[in-house]
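Same order as they appear, the protein sequences are chains A and B. Just so you know, the first sequence maps onto residues 1 to 220 in full-length UniProt numbering. Just so you know, the second sequence maps onto residues 1 to 220 in full-length UniProt numbering.
If you're looking for bench data, these hints aren't it; they were derived computationally from the structure. A few of these clues could be false.
Each pair may be met inside one copy or between any two copies, as identical chains are not told apart.
As the list claims (entries may be wrong) - Below are the BS3-like pairs computed for lysine-lysine, each with C-alpha atoms no more than 27 angstroms apart in a straight line:
hint: 1; residue 1: Lys68; residue 2: Lys202
hint: 2; residue 1: Lys70; residue 2: Lys202
hint: 3; residue 1: Lys32; residue 2: Lys68
hint: 4; residue 1: Lys77; residue 2: Lys119
hint: 5; residue 1: Lys32; residue 2: Lys136
Since the structure is predicted, the reported quantities are computational estimates derived from the model, not experimental observations.
Protein chains: 2
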Amino acid sequence: MDNVQKRVFTNNDFQDVILDRHSIRNFDPSVKIPHDEMVQMIQEATTAPSACNLQAWRFVVVDTDEGKQKLRSYFMKFNLPQINTSSAMVLLFGDTDAYKSYRELWNKAYTNKQITKAKLEEVLHTFLPIYEHASKEMLTADASIDSALAAMQFMLIARGHGYETNPISGYNSENAAATWGLDPNRYVPVMAIAIGRPAPDKQDEVSSVRYPVKQVYEFH
Amino acid sequence: MDNVQKRVFTNNDFQDVILDRHSIRNFDPSVKIPHDEMVQMIQEATTAPSACNLQAWRFVVVDTDEGKQKLRSYFMKFNLPQINTSSAMVLLFGDTDAYKSYRELWNKAYTNKQITKAKLEEVLHTFLPIYEHASKEMLTADASIDSALAAMQFMLIARGHGYETNPISGYNSENAAATWGLDPNRYVPVMAIAIGRPAPDKQDEVSSVRYPVKQVYEFH
Numbered sequence: 001m002d003n004v005q006k007r008v009f010t011n012n013d014f015q016d017v018i019l020d021r022h023s024i025r026n027f028d029p030s031v032k033i034p035h036d037e038m039v040q041m042i043q044e045a046t047t048a049p050s051a052c053n054l055q056a057w058r059f060v061v062v063d064t065d066e067g068k069q070k071l072r073s074y075f076m077k078f079n080l081p082q083i084n085t086s087s088a089m090v091l092l093f094g095d096t097d098a099y100k101s102y103r104e105l106w107n108k109a110y111t112n113k114q115i116t117k118a119k120l121e122e123v124l125h126t127f128l129p130i131y132e133h134a135s136k137e138m139l140t141a142d143a144s145i146d147s148a149l150a151a152m153q154f155m156l157i158a159r160g161h162g163y164e165t166n167p168i169s170g171y172n173s174e175n176a177a178a179t180w181g182l183d184p185n186r187y188v189p190v191m192a193i194a195i196g197r198p199a200p201d202k203q204d205e206v207s208s209v210r211y212p213v214k215q216v217y218e219f220h
Numbered sequence: 001m002d003n004v005q006k007r008v009f010t011n012n013d014f015q016d017v018i019l020d021r022h023s024i025r026n027f028d029p030s031v032k033i034p035h036d037e038m039v040q041m042i043q044e045a046t047t048a049p050s051a052c053n054l055q056a057w058r059f060v061v062v063d064t065d066e067g068k069q070k071l072r073s074y075f076m077k078f079n080l081p082q083i084n085t086s087s088a089m090v091l092l093f094g095d096t097d098a099y100k101s102y103r104e105l106w107n108k109a110y111t112n113k114q115i116t117k118a119k120l121e122e123v124l125h126t127f128l129p130i131y132e133h134a135s136k137e138m139l140t141a142d143a144s145i146d147s148a149l150a151a152m153q154f155m156l157i158a159r160g161h162g163y164e165t166n167p168i169s170g171y172n173s174e175n176a177a178a179t180w181g182l183d184p185n186r187y188v189p190v191m192a193i194a195i196g197r198p199a200p201d202k203q204d205e206v207s208s209v210r211y212p213v214k215q216v217y218e219f220h
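Only chain A is shown next, with the shape it has when bound in the complex (with noise of 0.2 angstroms):
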């Protein structure tokens, strides 16, 4: 992307990132990620494409005693080992408003040249009408979908950075945005990404069982 500040990764193996990547939950608790390396992984986590480019994530990190303290009042007991260990948790949301930030987004696009004049007509009379008039359940499900993308790609990233996580699904939901000041209206979690480098003396972690490819495809 034009807008990412290229540098090169600690792992640029992309057979390594994507093949051996696997979750980790014990992680080294002396780790600290400084807050600019962490906004570079989500600026480039964040590359990843989205539904009518509505971009409809946020990212809520979590690397503080006091945030750690709190995640403890709604996350499952066994996730603990990952929020007492980890450099930080990075919690996704989904942004159900993110379509009423469209039109200045596609403006900027056209005024950088970057879409046609046809385009930009397109973009607003084509697609916007379609999220102005969606239902809630389609809100939520862009959202989420969109937020899943960055995600993985946050996992991803975090490999190329020297890092790995483990995804986090369970929580109380109910609780997650309000937790952090959001309105649960609008902000739909998605997930939780633990992140940090593996504890040395917990090499406990194998990589878990998958589906023979055959029961997951089919061809038409």
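With chain A held as given, fit chain B onto it using these hints.
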């Protein structure tokens, strides 16, 4: 992943793969993707994580004239270039019944000595009941998020194999599952991904705009 037969990617430069991906809408229609390579890409993509390892994804690969004609019946018109020129359209569906295979999957993990007896008991007595008593809304959300994670991996894996993609959500989702003989009460359409090699004479694609990163995160 242990169960993925590794081979060297055409493009193994992670930085290029993830930061230089952008949507391609006009493909070279003469390019065919062999089925064994497509299956390989699906297998690599499904190293993605999923909620409780449910793997609630299904890939419907459409690469015949007959199949593409069916797509035209429920996709929006502005997606015709991708349907007409891509090597294949890969449709992602979330499987809301995925939890019904859960017991078998985890028993296999235990048999393969990948998890302990204690872990097996925890999974079957803690996670499985959550899904057995889950609302349709939760099953739909989880299956959609799982599928989006695999979809993002598929788009990146495609670049590793030298292909480009375009994720598409512009279609009548009510007709999506039934068109392929899938039970619409069970399978939720998540997105379609056009895949192929870019048309050499249509270099009109540009990276799309992103909001300034400071708009999408907060620290706690």
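How the hints compare with the structure:
1. For the homomeric pair Lys68 and Lys202, the shortest alpha-carbon distance inside one copy (22 angstroms) is at most 27 angstroms, but the shortest distance between copies (50 angstroms) is not.
2. Taking CA atoms no more than 27 angstroms apart as the test, Lys70 paired with Lys202 passes inside one copy only; the shortest distance there is 26 angstroms, against 52 angstroms between copies.
3. Taking the shortest Cα distances, Lys32 and Lys68 sit within 27 angstroms of each other inside one copy (14 angstroms), while across copies they are farther apart (50 angstroms).
4. Taking the closest pair of Cα atoms, Lys77 and Lys119 come within 27 angstroms of each other only across two copies (15 angstroms); inside a single copy the shortest separation is 50 angstroms, beyond that limit.
5. Taking the shortest Cα distances, Lys32 and Lys136 never come within 27 angstroms of each other, neither inside one copy (38 angstroms) nor across copies (40 angstroms).
The structure shown violates just one earlier hint, number 5.
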